[in-house]
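Line by line, the protein sequences give chains A and B. Take the first sequence: its position 307, counting from 1, is numbered 307 in the working numbering, and each next residue is one higher. Take the second sequence: its position 141, counting from 1, is numbered 141 in the working numbering, and each next residue is one higher.
Treat the hints as calculated values from the structure; they're not laboratory data. Model, not experiment: these values are computed from the prediction. For every residue, glycine included, the Cβ atom is placed at its ideal position computed from N, Cα and C. One thing to keep in mind: the hints can contain errors.
What the hints assert, rightly or not - So the derived label-pair ranges between C-beta atoms look like this:
(1) A:Phe305 - B:Glu176: 25 to 35 Å
(2) A:Ser298 - B:Val234: 45 to 55 Å
(3) A:Glu198 - B:Leu129: 27 to 37 Å
(4) A:Thr49 - B:Arg169: 32 to 42 Å
(5) A:Pro197 - B:Phe104: 35 to 45 Å
(6) A:Val54 - B:Val221: 45 to 55 Å
(7) B:Thr122 - A:Gln252: 50 to 60 Å
Claimed, not checked - Stretches of chain B that chain A covers, calculated by requiring three or more beta carbons in the stretch to come under 8 Å of a beta carbon on chain A:
(8) 200-212
(9) 244-251
(10) 274-281
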Amino acid sequence: MRKILTAGLAAAVLVSAGGCTVERHWGGNTGSGGGGGKAKVGLVTKTDTNPYFVELRAAASAAAQANGADFSALAGQFDGDNDGQVRAIENLMQQGATTILITPSSSTGVLDAIDRARKAGVLVIALDTATEPAEAVDATFATDNFVAGQQQGAYVKAALGGAAPKLFMVDGTAGSTVDTQRHTGFLSGIGLADGAPEIKGSTPANGDQSTAQQGVENLLQRTTDINAVYTMNEPMGRGTYAALKARGLTGQVVMGSIDGGCEGVQNVRDGQYAATVMQFPKKMAEQGVLAAVEYAKSGKKPTGFNNTGSVVITDKPMPGVESQTTEWGLQNCWGDK
Amino acid sequence: MTTATATANSDRPTIGEFFLRAPAVGPALALVVAVLVFSFSTDTFLNLDNISLVVQQSLVIGTLALGQTLIILTAGIDLANAASMVLATLIMAKLLAGGVTGIFALLLGIVATVLVSGVVGTLVTKVKLPPFIVTLGALTMLTAAGRLFAGGEAVPVADGLLNWLGTRRYLFGGIEITYGMTLALVMYLVMWYALTRTAWGKHVYAVGNAPESARLSGIKVNRTVLSVYLVAGVIFGIAAWQALGRVPNADPNAYQLGNLDSITAVVLGGTSLFGGRGSVLGTMMGALIVAVLRSGLTQLGVDALYQDVATGALVIAAVAVDRFARRQR
């Protein structure tokens with residue numbers, strides 16, 4: 001029996017270890033602090049299955065390789081898995097990371113662990129999502145999500161051509177920082193206040209396509225008299241499109257979204273929604289890795305919020321709203337090509 | 001550590017009997033093997049800092065699993081324990097933010113988990129509903145209640161008492177321990193004593209093993225099962241305290257897999273899902289095995305998804321061992 005159990009465990013360990021290292025791994029002992037050394041960059045994403053974070057990880061890995069830095073990537077198990085992210089930070093410190101790049105699951109959840117890492121001399125940079133307070137990390141490389149929302153709002157407003165908005169809002173996870181910033185940014189861009197009568201309905205959809213579809217289907221039971229839709233990301237944009245299409249409403253509605261993945265840009269090209277706002281995870285990852293390399297070399301730390309930019313992608317440009325075409329978008333989706 | 005089902009009528013027990021009598025031995029061996037494998041395959045696994053980290057990383061799930069063990073010993077299961085714990089962290093955080101002192105916030109959080117478990121236990125014992133269904137419903141309700149209560153937002157918790165279990169101390173030789181580690185150890189020892197050395201413990205095993213026989217021998221089955229849920233409720237409240245020590249932030253989206261992780265620890269610890277057999281010391285090993293695997297495989301550079309594959313395979317192997325041991329009797 002013991003043999004079965006131990007052999008089973010050993011086999012499981014060996015099988016797992018054998019064929020599946022996704023990232024180059026470092027060995028050696030711990031050594032923290034900057035100055036004259038080789039950068040050991042650890043990346044902690046919210047999950048490791050979302051295409052956005054897969055992209056971020058691939059870009060960071062490539063940048064590390066190009067700059068001669070060691071690289072290791074870890075992630076939480078699901079959005080909101082603070083405990084998993086804390087575990088990841090601890091494990092990276094244990095392995096002697098000189099820099100930790102993190103997309104915090106919650107802007108306040110992992111601050112304690114980040115603080116411990118910084119006190120141990122590790123440079124900590126937030127990617128994609130800022131912490132609260134922002135000074136909890138050394139620097140942030142991210143989309144200014146308020147501005148991205150504002151760009152979407154301004155586009156939708158312009159596309160309505162002076163008509164009063166009759167708006168549905170398809171939000172992400174209630175209370176999440178990114179969700180709040182995009183939501184308020186959009187309202188600022190379109191010129192409405194939260195709770196305004198022009199908002200005919202809103203539904204949280206946790207970033208999920210089918211939840212968004214179901215939510216909008218339900219909203220459409222209440223009223224089909226709408227002309228504008230805000231979606232917080234592209235999967236929810238697709239779900240919303242399906243719900244609108246089933247009611248034959250796609251022609252009369254201006255829908256915008258945010259993300260800028262290749263699939264999302266293709267959705268815009270196909271006319272599923274009017275515009276999307278592209279963000280640049282590749283830039284975030286590259287700038288984070290470069291900062292890590294610089295820190296290992298000279299001990300110089302980056303500071304503050306560094307906006308990696310956002311661009312409206314549409315084939316129906318509107319006066320007063322700066323934008324790029326879907327052709328440009330497909331060549332640059334997520335800054336990748 | 002022993003069970004009420006052990007047989008002692010042969011001079012030399014079969015392997016199966018040996019494992020039935022000492023269900024924590026298998027998990028302990030598996031743990032030792034895992035530690036040895038990672039100690040030799042990485043140069044970062046075997047040091048005091050990392051061992052301390054592994055234990056800290058297993059604390060919340062290990063505490064949830066302690067309560068889960070009690071319930072599974074009565075042939076029940078709790079799918080709502082992590083959701084109940086998360087709700088308690090939110091209650092503690094919100095009360096604290098509202099100006100209530102840490103001690104009252106903590107106590108009211110624990111009262112909440114006891115109430116939840118009390119209701120579940122009552123539905124199981126008095127209304128005779130299957131624990132799986134009751135806790136499945138409770139899981140959905142508690143998850144929603146947590147999100148409603150917190151308005152979907154995470155609430156930071158900065159309070160000496162509520163964060164106390166995460167406080168680090170350094171013993172001689174620079175060994176890092178937290179109060180949470182000490183508390184978990186004490187809880188496991190107390191529960192081990194209660195289960196193996198008291199009449200209550202023997203009743204718990206008896207009602208899990210053969211409820212009808214237990215009833216005929218004069219054990220108040222319903223009362224015993226209800227007491228298990230109430231004790232588990234207290235433990236889940238303490239798990240909430242452990243969670244705020246580890247991550248000082250109450251998040252309605254946290255620990256979505258905590259219920260399954262706690263079941264994993266229990267099963268890896270050799271406790272039978274059919275009730276009546278198992279031990280809390282085995283569960284401690286089970287929780288540590290998961291944390292050791294995660295830490296070791298991470299340091300080997302293995303993708304987290306493959307770590308899940310390995311953990312899942314181990315769970316199935318552990319149940320197969322349980323089955324095999326029973327057949328050997």
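key: Violated hints - listed by number, lowest first   = Of the numbered hints, 3, 8 and 10 do not hold.
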